[in-house]
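From first to last, the protein sequence lines are chains A and B.
The working numbering puts the first residue of the first sequence at 1, with every later residue one more than the last.
The working numbering puts the first residue of the second sequence at 1, with every later residue one more than the last.
Calculated directly from the structure, the hints in this document are not laboratory data.
Where hints are given, some of them may not hold.
With a straight-line Cα cutoff of 16 Å, these simulated EDC-like cross-link-like pairs (lysine to aspartate or glutamate) come out [unchecked claim]: (1) A:K41 - B:E5; (2) A:K14 - A:D88; (3) A:K14 - A:E87; (4) B:K36 - B:D83; (5) A:K41 - B:E38; (6) A:K66 - A:D88.
All of these numbers come straight from a predicted model, not from anything done at the bench.
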Amino acid sequence: GAVVSQHPSWVICKSGTSVKIECRSLDFQATTMFWYRQFPKQSLMLMATSNEGSKATYEQGVEKDKFLINHASLTLSTLTVTSAHPEDSSFYICSAPGEPSGKNEQFFGPGTRLTVL
Amino acid sequence: GEDVEQSLFLSVREGDSSVINCTYTDSSSTYLYWYKQEPGAGLQLLTYIFSNMDMKQDQRLTVLLNKKDKHLSLRIADTQTGDSAIYFCAESPTGTASKLTFGTGTRLQVTL
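Whole structure, please, built from the sequences with the hints as guidance.
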């Protein structure tokens, strides 16, 4: 089946630094990718929709200057958390829609755990 | 906006059936999904159902949809310890390429 990878799988950084997370569709193309964040023991909350060739669409309450999204190619989207603070610590998950098996399915990456000290 | 609710926790004995429930508010939901998340891992799609269906069965999984009451359930027959995980229901108005609204997640604990 389709595979979505994320890199890094975990990262620890100091407050005030920026962190870039990559999301790749390994064996299919994705003009759209989605970025979610998940706090401990909570559900996934959609942050933004990444669109190849155009600007990302952010959900209400998500700061676009804080969470920079770049859909660089049909297989790569990046999320940069700028000037990270401890409250940005979370599990960030990306997904990409695809129908390689005929199912209506989004394929999720394994997630990136960010800890800001 | 859309709201999807689940009970937080369910404990069952190995071999018993598990039933995880989900309610949603968006009447335009067309696709309803069940995902499984194991500790530290991404989400795995278990099954999905179109809103014009009442039931779907896939091996040990049975999905029931009551569209009138906006109620979705996932039944796992012969629950195994490997089924211990968090289960999320999710809804989408248009399917694959649209954003998903997730439920709060139900933690399933399978005991011996």
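Here is what the structure says about each hint:
1. A:K41 - B:E5: 14 Å, holds
2. A:K14 - A:D88: Distance ~11 Å between K14 of chain A and D88 of chain A Cα, so the pair holds.
3. A:K14 - A:E87: Holds, because 12 Å separates the two Cα atoms, which is no more than 16 Å.
4. B:K36 - B:D83: 9 Å, holds
5. A:K41 - B:E38: 12 Å, holds
6. A:K66 - A:D88: 10 Å, holds
In the structure shown, no violation is registered for any of the earlier numbered hints.
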